[in-house]
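Enquirer: Got chain A; can you put chain B on it based on the hints?
Protein chains: 2
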Amino acid sequence: MPARHDIEVILVGDELLRGQRGDEHLAFLGREVRALGVRVSRAHTVGDDVAAIAGLVRERLPRTRALILTGGLGPTADDVTREGVAEALDLGLEFDEPTWAWIREFFAARGRTPTDANRRQAHFPAGSEIFANARGTAPGFAVTAGDAVVFVLPGPPPELQPMAREFVFPRLARLFDLPPLRVETFRTIGVGESQLVEMLGDAAAGLGAFTVSWLPTVAGVDVVLTARRGAEAAAMDAEAERLHARLGEALGTRYFERGERPIAGVVGDLLAARGETLSAAESLTGGTVARLVTAHPGASAYFLAGVVAYADEAKRELLGVRAETLGQYGAVSEETCTEMAHGIRRRSRSTYGVATTGIAGPTGATPHKPVGLTFMGVAWEGGVQVKRVIYPGDRSAVRDRAAHGALWLLYDHLRRHA
Amino acid sequence: MPARHDIEVILVGDELLRGQRGDEHLAFLGREVRALGVRVSRAHTVGDDVAAIAGLVRERLPRTRALILTGGLGPTADDVTREGVAEALDLGLEFDEPTWAWIREFFAARGRTPTDANRRQAHFPAGSEIFANARGTAPGFAVTAGDAVVFVLPGPPPELQPMAREFVFPRLARLFDLPPLRVETFRTIGVGESQLVEMLGDAAAGLGAFTVSWLPTVAGVDVVLTARRGAEAAAMDAEAERLHARLGEALGTRYFERGERPIAGVVGDLLAARGETLSAAESLTGGTVARLVTAHPGASAYFLAGVVAYADEAKRELLGVRAETLGQYGAVSEETCTEMAHGIRRRSRSTYGVATTGIAGPTGATPHKPVGLTFMGVAWEGGVQVKRVIYPGDRSAVRDRAAHGALWLLYDHLRRHA
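For the protein sequence lines, the chains are A and B, in the order given. Quick note on our numbering: the first sequence kicks off at 1001 and runs consecutively. Quick note on our numbering: the second sequence kicks off at 1001 and runs consecutively.
Chain A extracted, bound-state conformation:
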C-alpha cells in the first residue's frame, strides 16, 4: 500500500504508448528521489489527451502527497499537459508576462521570433509556482492542491533533469524530511540469474535489513540491496559485508564492483592507478570497446588508441596481422585475435592490447563458425590470453556482450597480476 512518503509519476506522451520512444524519466526520478528517502510507489503512462490527463491526476491526487508529471509542455498542438492539470484542479490558465518576456529573449538570442504556439507556453494554472527552464522554451511549474503538490516538468531529458534537481527535489526534501534510503549495488558478469542465486545459497536468502533485487544486465547480473524502513545501520553494514565476502568467494573476479561503476570504469580506474595504458583492436564489436572505455571521463589518461579493423586489409595494414594467418585460420580465429591484440599494443605502445573478432550475425555464419562465435584477447609485454565464447542473442546483443567480455578479460588479468 502506498505510504505517506511515497510519490507517483505520470509520464505523458502518445509516443510512449505507440512505441515511438522509450521512457527515460522514471528511471531518473526513481533513482534520484531515493537519496531523499522517498519512493515512487506507482507510475502511469498516458497519452496527449486533456481528459485522460485530467482524469488520472484527479484519481491519483488523494492517494499521494506529491505527483510528478513529465512531458507535454512543448509548443505544438499535441502538448496539452498544462490544460489537463488545470482541468483536474478546476483552475483557469493564466498568462505570465515575465515568462513571455523570457521566451521572446530566448528566441531573439537565436535570431528568431516566437509564434503564438510559444505564447501558450507562458500560460500556467492559476496560483502556479513557475520553474525557469534555462535550456528550452517550456518552463515547468508546481501547483498545490490540499496537502499535495503537483509538479510538472518538460519532457526533454536535458531540460527535465537540471530542473528536477533545482526545483523539485529540494521541495520534496522539505515536504518529507526523511533520511536517505540506503542502496548497495554489487555487480557481476558472466553468470545468469538463477545460477547466481544458486551459487550464493543462504547468503542472499538470509538478508533481513534489506530487500534484494536481481537485475540482469547486458553482460551479467546486478544484486541490489535496498534498506527496509527502520533497519539498523549496524545490521545493514554486517549484511552488506557478508554478501560482499560471499560474492568474492563464489565468483572470484566475476564479481567486479561494489558500487555503480560499469566494467569499463572499473578497468579504467585500475589502469589510471597503475599508470598503465590500453589500446583496442576491434572487428566484431565495431568500436563498442573504444566507446565504452572513452565514455568514462578522464579516459584520455590511459586509453591511447583503438582500431576498428573490419576488412582483412585493415587487419593487415593497421594492425600487422599476417596474410598467412588470415588465409590459413580466417579472420574469426584464435590466431587472428592473438595477432590483433599484439598488433594494436605494439603500434600504439600501450601496456595492454585488447582484441575482439567474431560473427555478430545475422549473416556470415559457416557450419564451423556460428553466429555469436567470439574470440577475445588481451596482450601484454611477453604474453597473450585469448578466450573463445559463443554468445546468444541478436547482432546488437552479441556485440555488446563481446565488448563487455573483452573488458572483463582485461580486468581478470589486472586482478591476477596486481
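Quick caveat, the hints were computed from the structure, so don't treat them as lab data. Please read all numbers here as calculations on a predicted model, not as lab measurements. The beta-carbon is built from N, C-alpha and C at its ideal position, and this holds for glycine as well. Please note that a few of the clues may not be correct.
Quick list of the computed label-pair ranges, beta carbon to beta carbon [what the hints assert, rightly or not]:
1. A:T1366 x B:L1270: 21 to 31 Å
2. B:R1349 x A:R1346: 14 to 24 Å
3. B:R1135 x A:T1366: 15 to 25 Å
4. B:R1416 x A:T1366: 32 to 42 Å
5. A:R1416 x B:H1417: 51 to 61 Å
6. A:R1346 x B:P1362: 30 to 40 Å
7. B:E1232 x A:R1228: 50 to 60 Å
Which bits of chain B does chain A cover? Going by a derived footprint, with three or more residues having C-beta under 8 Å, they are [as the list claims (entries may be wrong)]:
8. 1014–1021
9. 1073–1087
10. 1114–1124
11. 1200–1213
12. 1217–1226
13. 1309–1318
14. 1391–1399
Expert: Using the frame of chain A, we list chain B on its own:
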C-alpha cells in the same frame, strides 16, 4: 477515452520504480501492436507486491479487453506476478507437470539441477493457457476473465519479445480483427522542434487524416504521422506526399529519411548502392561513429576501418597527422580534423574518410575551446570539408551529437555529388 480496440500494459518491477533499470517493454509492445490496428491506451508501473498487482489488475480489467503484464515470473522471492494475477481473478495456483519436466530438462542440459525456487515457476492460475519459453525457465501464460484476456510474459527482453510474437500478437489479432494502423515517419537532423514547426508552417497544421507527433531525437526531430481511425487511404497518401515534399523544400538534406532508418543506415545503404567505401578517424566520439556504422547489418561491404586516436601520438602514427599541425593548432582544430580525415582515407584506401575531434567535457576546455566544441570532416579524392559546431549537453550528449553530425556531413556530401 479508451475504446474497445485499446489494450493496457502493466509493467511489474521494483527496479523500474527505484530507477535501477529503464523499461524497454512498453516501446516494444506499443510499436508491435500498431501493426494489428491496436493501441495501448494506458500503461502502469507497479512494484513486486502481490496486493498492488492484484489491485491494479482488478481495477483495469473492466476497462479493457486485453491486459499485458510483463516481469516478475523469475525464480527469486521478489517474483510474485503469478500470485498477484491469481489473487485478482480469485483463482488458485495449479502445478503443471509438463512445465516442471521441461524446466528440469532445461537445467539438465546445462549440467545443473533446478531448485524449489524453480518449481514455483511451474505454477499457474487455474485454467491458464501456458506459453513455452525457449530461452529461459519462466513460461508465460494467458487467463480469460469474462470477455477480457490477461497475458503475462517474463521480463527479460530476449525472452519476452519472441514469446509476444509467437503467442500474444496472433491472439490479439484474432480478438480485435482490425486493419493495421498506418504510421509514417519523417526523420530530420540538426533542427530543433519549434524551429521545424516554424519552417513547415501550414504543411503540418493542415493534416486531417493523421495525428502528428514531434519527437526530438539525439540529433534532430522525427515527425511521425499516425492514421486517424476511418481516414481514407487516398487522403493519407496525399497528405504524406505533401509533407514529404514540403520537408524536402524547407530542410534540404537535413530531411534525410522517410522511414525508420537511422542516419548511419541511410549513409550505409547509399554507399553500398554506389559501390563506395568509408573509414572513420575519431577522437572526441571515441568509437561512436564506427559503432553506429557497424550496427547496420552488411556494413562490412562498405566500412573498411576506424581509428580511435585519443592520444596525439596515435593521431600521428595511426593517421599521419603532422606533429607541426598538432603543435601549432592543437588536437582540436580544423587543421587536425582535415589531416585526420585525409589520413584515415589514405591509409585504408576508402572512398571517404570521416573525422571528429573536439572537447566532450567535463574537463579539457580552455577559454577559446569550450566543452562541446567539435570539428567534423569528410575527405574524398581531392577534397575535404570541415565543419565547426558547439554542441550543448553533457559528455554523452556531445559525443552522440558529434557522431550523428559527422555522418550527416557525409550524407550531405553524397547527396550533393550523386
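Enquirer: Each hint: holds or not?
Expert: Against the structure, the hints:
1. Against the hinted window of 21 to 31 Å, the Cβ-Cβ separation of A:T1366 and B:L1270 comes to about 29 Å, which satisfies the hint.
2. Checked against the given bound of 14 to 24 Å, the beta carbons of B:R1349 and A:R1346, roughly 22 Å apart, stay inside it.
3. Evaluation of the 15 to 25 Å hint for B:R1135 and A:T1366 yields a pass: the beta carbon distance comes to about 24 Å.
4. As the Cβ distance of B:R1416 to A:T1366 is approximately 41 Å, the hint placing it in 32 to 42 Å holds.
5. As the Cβ distance of A:R1416 to B:H1417 is approximately 53 Å, the hint placing it in 51 to 61 Å holds.
6. Against the hinted window of 30 to 40 Å, the Cβ-Cβ separation of A:R1346 and B:P1362 comes to about 33 Å, which satisfies the hint.
7. Taking 50 to 60 Å as the suggested C-beta distance range, the pair B:E1232 and A:R1228 conforms, at roughly 59 Å.
8. Here's how the segment 1014–1021 of chain B fares: 8 of its residues keep a CB closer than 8 Å to some CB of chain A, so the rule of at least three is met and the hint holds.
9. Three residues within the 8 Å Cβ limit are the bar, and the segment 1073–1087 of chain B against chain A gives 5, so the coverage statement holds.
10. Chain A is given as covering the segment 1114–1124 of chain B, and this holds because 3 residues of the stretch bring a CB closer than 8 Å to a CB of that chain, at least three being needed.
11. Here the segment 1200–1213 of chain B counts 4 residues with a CB under 8 Å from a CB of chain A, which clears the bar of 3, and the coverage holds.
12. For the segment 1217–1226 of chain B, the stated coverage by chain A holds: 3 residues have a C-beta nearer than 8 Å to a C-beta of that chain, and at least 3 were required.
13. For the segment 1309–1318 of chain B, the stated coverage by chain A holds: 7 residues have a C-beta nearer than 8 Å to a C-beta of that chain, and at least 3 were required.
14. Beta-carbon proximity to chain A at under 8 Å applies to 7 residues in the segment 1391–1399 of chain B; the threshold of 3 is reached and the given coverage holds.
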